[in-house]
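Quick note, the sequences are listed as chains A and B, same order. Number 230 in the working numbering belongs to position 230 of the first sequence; there are no gaps in the numbering. Number 86 in the working numbering belongs to position 86 of the second sequence; there are no gaps in the numbering.
Don't take each hint at face value.
[To be verified] Mimicking SDA-like on lysine to any residue, the simulated pairs with C-alpha atoms at most 20 angstroms apart in a straight line are: (1) K193/A x R71/A; (2) K122/B x F207/B; (3) K193/A x K228/A; (4) K187/A x I252/A; (5) K193/A x R245/B; (6) K262/A x Q197/A; (7) K193/A x Q244/B; (8) K322/A x R76/B; (9) K322/A x D70/B; (10) K119/A x I252/A; (11) K187/A x P3/B; (12) K187/A x F211/B; (13) K193/A x G249/B; (14) K289/A x P190/A; (15) K117/A x P129/A; (16) K193/A x M243/B; (17) K322/A x Q244/B; (18) K187/A x T251/B; (19) K304/A x Q27/B; (20) K187/A x W252/B; (21) K304/A x N91/B; (22) K228/A x A25/A; (23) K304/A x E36/B; (24) K322/A x K122/B; (25) K32/A x C153/A; (26) K322/A x E209/B; (27) K193/A x P248/B; (28) K193/A x F207/B; (29) K240/A x D260/A; (30) K322/A x E143/B; (31) K322/A x Q205/B; (32) K129/B x R76/A; (33) K45/A x L102/A; (34) K169/A x L39/B; (35) K117/A x R326/A.
Read the hints as simulated data drawn from the structure, not as lab findings.
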Amino acid sequence: MYSQGLIGTNTETEESEEFLAAFQARIDREEKIEANDPMPEAYRKTLIRQIGQHAHSEIVGMLPEGNWITRAPTLRRKLALLAKVQDEGGHGLYLYSAAETLGISREQMTEELLTGKAKYSSIFNYPTPSWADMGAIGWLVDGAAIMNQVPLCRCSFGPYARAMVRICKEESFHQRQGYELMSVLAKGAPEQKQMAQDALNRWWWPSLMMFGPYDSDSSHSDQNMEWKIKRFSNDELRQKFVDATVPQAELIGLTMPDPDLKWNPDRNKGQGGYDIGEIDWSEFWRVVKGGGPMNRDRIAARTKAWEDGAWVREAALAHADKRRARRAAAQEAAE
Amino acid sequence: MKPAAALADALITLGDDHLILGHRLSQWCGHAPMLEEDLSMPNMALDMLGQARNLYTYAGGLENKGRNEDDLAYLRTDREYKNCLLVERPNGDFAHTMLRQLYFAAFMHPFWQAATTSADDKIQGFAEKAVKEIAYHIRHAGEWVIRLGDGTEESAQRMGEAVIALHGYTDELFSTTDTMQICIEANLLPDPERLRDQWDQTIEQVFAEAFLTIPEIPFPQEGGRDGRHTEDFGHLLSELQYMQRTYPGMTW
Chain A
1 MYSQGLIGTN TETEESEEFL AAFQARIDRE EKIEANDPMP EAYRKTLIRQ IGQHAHSEIV
61 GMLPEGNWIT RAPTLRRKLA LLAKVQDEGG HGLYLYSAAE TLGISREQMT EELLTGKAKY
121 SSIFNYPTPS WADMGAIGWL VDGAAIMNQV PLCRCSFGPY ARAMVRICKE ESFHQRQGYE
181 LMSVLAKGAP EQKQMAQDAL NRWWWPSLMM FGPYDSDSSH SDQNMEWKIK RFSNDELRQK
241 FVDATVPQAE LIGLTMPDPD LKWNPDRNKG QGGYDIGEID WSEFWRVVKG GGPMNRDRIA
301 ARTKAWEDGA WVREAALAHA DKRRARRAAA QEAAE
Chain B
1 MKPAAALADA LITLGDDHLI LGHRLSQWCG HAPMLEEDLS MPNMALDMLG QARNLYTYAG
61 GLENKGRNED DLAYLRTDRE YKNCLLVERP NGDFAHTMLR QLYFAAFMHP FWQAATTSAD
121 DKIQGFAEKA VKEIAYHIRH AGEWVIRLGD GTEESAQRMG EAVIALHGYT DELFSTTDTM
181 QICIEANLLP DPERLRDQWD QTIEQVFAEA FLTIPEIPFP QEGGRDGRHT EDFGHLLSEL
241 QYMQRTYPGM TW
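With the sequences and hints as input, model every part of the structure.
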């Protein structure tokens, strides 16, 4: 979940009971809340945090895949990967814009990312040592993200919901592309199949962690559910993902790295679903708290791009000022 | 040499320019000075790589040696790549990258414009698509050269350094190979030398607005068209070719 770091909301508001009730009634009627509408401060803060984190995840998420653009094995794959990473930048841009409607600037959000105040999805703190990781990220990471994001298309906050509609279309394309890449490897030479299996082994559990802690350990979702920012629990979404993905792995002859994985006919109200083994939450928290293999490198790369680019951004502003001044002077001279 | 073989060779040279510049631009993806540039540099890279694919695929068919776009892009030795040296120059800072793009686009725009009347239908088709794309590259890169040249003291200095570093590589854009010459005579491809005025005009216009001076170049750098590359080129190839060389003959 791109927004997995969303921890708790500040429910202390100074808003009157009538105001809060009227606001909740709008949400219950499935009305969209728009940027200029009155809203409880906690709702605003929650959304700024969630949309900001989501935007940061897209931007940091450009790095692990960007790592393979120059080494993609064919021109077709090189173009597809480049276009995909570019799409992620585009998602970041819409999302920063959606967050800006709530009264925070992109610069401020960037500062928060670089200083570690704002989080991004922990999944991007894993490395991409192999080409097969490009398949695994598309198939599993984007696949898991879609499970989280499709319900966000109906999120109560209009600008976020609308941004998500477009993002989901592109993510679903990425997911299919990743799976196709993986299936080509799985059907390929033994080295390719091994590469694909190794990537699946490394990405499967972190992908399951993207949905956040078990419902039994997560006490933060209730308010977001009521506000219709979140519509399904972590476990519900995780189960959907598992049920969709396990048969896909079987179809291309890859094995899920979970000896406890088994079909359970009683799951999903008797329709059946998969039971999975215990998730190692100590690893999850370790990565969330900064101890993942790539946490430092990711922020260092973003910081370097930001700092190295400072002179370019300053020059663009200075040039715009000069132009304005010249235009004003020319106008004055003409009058 | 038969015209088809000459055309294939000339198109591979042109494809190499596009592949290598596209590769260089793609190295920025995720590391640009601002998010908007993280979108527009990959855009330009995609245009370059898309054109390379068209050129290689067509050339592969013409030469009839069973080479597809990937064989041409990935499985040659350094001496067999005939791109001009300008496009292989390392990205340097953003000023270098934008100036390199402007220099190349200012050449390719009149090139593709002239190629829309090529005696070869396929080349006409490529040209009609490419001319629109490359017009955007001139605008985008040109606007940045102006902003940086006429921005802050630091940006003006960096832009000036980029001009000194890269201008000496621009002459090679106008050079021709034997096979290009055959294609020019058969009205298949435009004569680069005849595009010089338009290139000069574009560069002069941008430089005037950017407060940049066109430097005197006593010793222009060239060699790429003959397969003699800079030291950086081998490193570029070792990255580009890594998968194809490590896992030969596989389908990806």
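We went through each hint and held it up to the structure:
no. : hint            : in the structure
1   : K193/A x R71/A  : holds (19 angstroms)
2   : K122/B x F207/B : violated (35 angstroms)
3   : K193/A x K228/A : violated (42 angstroms)
4   : K187/A x I252/A : holds (7 angstroms)
5   : K193/A x R245/B : holds (18 angstroms)
6   : K262/A x Q197/A : holds (19 angstroms)
7   : K193/A x Q244/B : holds (16 angstroms)
8   : K322/A x R76/B  : violated (49 angstroms)
9   : K322/A x D70/B  : violated (48 angstroms)
10  : K119/A x I252/A : violated (35 angstroms)
11  : K187/A x P3/B   : violated (41 angstroms)
12  : K187/A x F211/B : violated (58 angstroms)
13  : K193/A x G249/B : holds (15 angstroms)
14  : K289/A x P190/A : violated (37 angstroms)
15  : K117/A x P129/A : violated (28 angstroms)
16  : K193/A x M243/B : holds (15 angstroms)
17  : K322/A x Q244/B : violated (50 angstroms)
18  : K187/A x T251/B : holds (10 angstroms)
19  : K304/A x Q27/B  : holds (15 angstroms)
20  : K187/A x W252/B : holds (10 angstroms)
21  : K304/A x N91/B  : holds (16 angstroms)
22  : K228/A x A25/A  : holds (12 angstroms)
23  : K304/A x E36/B  : holds (17 angstroms)
24  : K322/A x K122/B : violated (46 angstroms)
25  : K32/A x C153/A  : holds (11 angstroms)
26  : K322/A x E209/B : holds (12 angstroms)
27  : K193/A x P248/B : holds (15 angstroms)
28  : K193/A x F207/B : violated (54 angstroms)
29  : K240/A x D260/A : holds (18 angstroms)
30  : K322/A x E143/B : holds (14 angstroms)
31  : K322/A x Q205/B : holds (19 angstroms)
32  : K129/B x R76/A  : holds (19 angstroms)
33  : K45/A x L102/A  : holds (9 angstroms)
34  : K169/A x L39/B  : holds (18 angstroms)
35  : K117/A x R326/A : violated (41 angstroms)
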